[in-house]
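S.K.: Sequence:
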Amino acid sequence: MKLNHFDENGNAVMVDVSNKPDTHRTATATGVIHVSPEIMAAVKDGSVKKGDVLGVARVAGIMGVKRTSELIPMCHPLPIQKCSVDFEIDENAGVIRVFCTVKTEGKTGVEMEALTGVQVTLLTIYDMCKAIDKHMVMSDIHLEEKTGGKSGDFRFEK
-10 MKLNHFDENG
0 NAVMVDVSNK
10 PDTHRTATAT
20 GVIHVSPEIM
30 AAVKDGSVKK
40 GDVLGVARVA
50 GIMGVKRTSE
60 LIPMCHPLPI
70 QKCSVDFEID
80 ENAGVIRVFC
90 TVKTEGKTGV
100 EMEALTGVQV
110 TLLTIYDMCK
120 AIDKHMVMSD
130 IHLEEKTGGK
140 SGDFRFEK
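Take the sequence shown: its position 156, counting from 1, is numbered 145 in my numbering, and each next residue is one higher.
Just so you know, not all the hints are guaranteed correct.
The calculated lysine to aspartate or glutamate pairs, modelled on EDC-like cross-linking and capped at a C-alpha distance of 20 Å, are [as the list claims (entries may be wrong)]: (1) K139 with D11; (2) K33 with E77; (3) K33 with D(-4); (4) K96 with D11; (5) K92 with D75; (6) K119 with D(-4); (7) K92 with E134; (8) K71 with E94; (9) K9 with E80; (10) K55 with E27; (11) K147 with E133; (12) K9 with D(-4); (13) K92 with E59; (14) K96 with D129; (15) K33 with D116; (16) K71 with E134; (17) K123 with D41; (18) K33 with D75; (19) K71 with E59; (20) K55 with E94; (21) K92 with E80; (22) K71 with D142; (23) K39 with D116; (24) K71 with E133; (25) K38 with E94; (26) K147 with E134; (27) K96 with E134; (28) K33 with E80; (29) K147 with D129; (30) K139 with E94; (31) K92 with D34; (32) K39 with E27; (33) K71 with D11; (34) K119 with E27; (35) K38 with E134; (36) K92 with E27; (37) K147 with D41; (38) K139 with D5; (39) K123 with E59.
Since the hints were made in silico from the structure, they are not lab data.
Put together the whole structure using the sequences plus the hints.
M.R.: Dropping the structure here:
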């Protein structure tokens, strides 16, 4: 398989997408953070000193999506048309699952944006809760699905 982020001399380059047609593209990524019962209780009852953990984390994730091309060297800046960050809480397992869905109409996909959104959301949860307990673990971060583009649709199969 030829990697298209390198030229014939092995130099890293941004892929030329100028001749590709614009298509509707979506991507959803997910990841989890494992937290202690104390953190879970504080998040659920809104008693974390830094404020509304999930509300702030959602905004941070959206901001991360919008700044992805500034963080990942070969990412194209994209006109994000929709971004959502959602949560599933499993109190018994001590898990907060994050879902980030990104949509655009363009020449390249939004997988990196969705993955960045998840990571920034998880990091924000960690940052806001670390005064309670630093024993948090972020894991299972992956692309759940994507649509559009030359490579077609993708769905993560476990």
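S.K.: All hints, please: hold or fail.
M.R.: To see whether the hints hold, each was checked on the structure:
1. In summary, the hint linking K139 to D11 is supported, as the alpha carbons are separated by about 11 Å, within the 20 Å threshold.
2. Only pairs whose Cα atoms come within 20 Å are accepted, and K33 paired with E77 is accepted, the gap being roughly 12 Å.
3. Straight-line distance between C-alpha atoms of K33 and D(-4) comes to about 50 Å, which puts the hinted pair past the 20 Å bound.
4. Using a Cα cut-off of 20 Å, the hinted pair K96 and D11 holds, with the two alpha carbons roughly 5 Å apart.
5. A distance of roughly 15 Å separates the Cα atoms of K92 and D75; the hinted pair therefore holds under the 20 Å criterion.
6. With a C-alpha separation of about 43 Å, the suggested pairing of K119 with D(-4) is violated against the 20 Å cut-off.
7. For the suggested pair K92 and E134, the alpha carbons sit about 12 Å apart, so the restraint of at most 20 Å is met.
8. For the hint pairing K71 with E94, the CA-to-CA distance comes to about 10 Å; that is within 20 Å, so the pair holds.
9. Under the criterion of a C-alpha separation no larger than 20 Å, the hint pairing K9 with E80 is inconsistent with the structure, at around 45 Å.
10. Straight-line distance between C-alpha atoms of K55 and E27 comes to about 32 Å, which puts the hinted pair past the 20 Å bound.
11. Our distance criterion of 20 Å between C-alpha atoms is met by K147 and E133, whose separation comes to about 10 Å.
12. Pair hint K9 plus D(-4) holds up; C-alpha atoms about 19 Å apart against a cutoff of 20 Å.
13. As the CA atoms of K92 and E59 are separated by approximately 18 Å, the hinted pair is consistent with the 20 Å bound.
14. Between K96 and D129 the alpha-carbon distance is near 28 Å, which puts this suggested pair outside the 20 Å criterion.
15. Between K33 and D116 the CA atoms are separated by roughly 16 Å; this keeps the pair inside 20 Å, and the hint holds.
16. About 16 Å separates the Cα atoms of K71 and E134, which keeps this hinted pair within 20 Å; it holds.
17. Only pairs whose Cα atoms come within 20 Å are accepted, and K123 paired with D41 is accepted, the gap being roughly 18 Å.
18. For the hint linking K33 to D75, the alpha-carbon distance of about 15 Å falls within 20 Å, and the restraint holds.
19. With a C-alpha separation of about 19 Å, the suggested pair K71 and E59 falls inside the 20 Å cut-off, and the hint holds.
20. Between the alpha carbons of K55 and E94 the distance comes to roughly 15 Å, so the proposed pair stays at or under 20 Å and holds.
21. Restraint check: the Cα-Cα separation between K92 and E80 comes to about 30 Å, which exceeds 20 Å; the hinted pair is violated.
22. With a C-alpha separation of about 18 Å, the suggested pair K71 and D142 falls inside the 20 Å cut-off, and the hint holds.
23. The hinted pair formed by K39 and D116 meets the criterion: a straight-line CA distance of about 9 Å does not exceed 20 Å.
24. About 17 Å separates the Cα atoms of K71 and E133, which keeps this hinted pair within 20 Å; it holds.
25. The hinted pair formed by K38 and E94 fails the criterion: a straight-line CA distance of about 40 Å is larger than 20 Å.
26. A threshold of 20 Å between alpha carbons decides the hint, and for K147 with E134 the separation of about 12 Å falls inside it, so the pair holds.
27. About 18 Å separates the Cα atoms of K96 and E134, which keeps this hinted pair within 20 Å; it holds.
28. Note on K33 and E80: the hinted pairing holds, with a Cα-Cα distance of about 9 Å set against a maximum of 20 Å.
29. Distance check on the hinted pair: K147 and D129 sit about 11 Å apart at the alpha-carbon level, within 20 Å; holds.
30. Between the alpha carbons of K139 and E94 the distance comes to roughly 14 Å, so the proposed pair stays at or under 20 Å and holds.
31. Pair hint K92 plus D34 does not hold up; C-alpha atoms about 32 Å apart against a cutoff of 20 Å.
32. With a C-alpha separation of about 15 Å, the suggested pair K39 and E27 falls inside the 20 Å cut-off, and the hint holds.
33. Between K71 and D11 the alpha-carbon distance is near 16 Å, which keeps this suggested pair within the 20 Å criterion.
34. Using a Cα cut-off of 20 Å, the hinted pair K119 and E27 holds, with the two alpha carbons roughly 11 Å apart.
35. Proximity of K38 to E134 is assessed by CA-CA distance (about 35 Å); at most 20 Å being required, the pair is judged violated.
36. For the suggested pair K92 and E27, the alpha carbons sit about 36 Å apart, so the restraint of at most 20 Å is broken.
37. Between K147 and D41 the CA atoms are separated by roughly 33 Å; this puts the pair beyond 20 Å, and the hint is violated.
38. For the given pair, K139 sits about 14 Å from D5 by alpha-carbon distance, which is consistent with the 20 Å threshold.
39. Between K123 and E59, the direct Cα distance comes to roughly 28 Å. Violation of the 20 Å bound is thereby established for this hinted pair.
Taken one by one, the earlier hints fail for this structure at numbers 3, 6, 9, 10, 14, 21, 25, 31, 35, 36, 37, 39, listed in ascending order.
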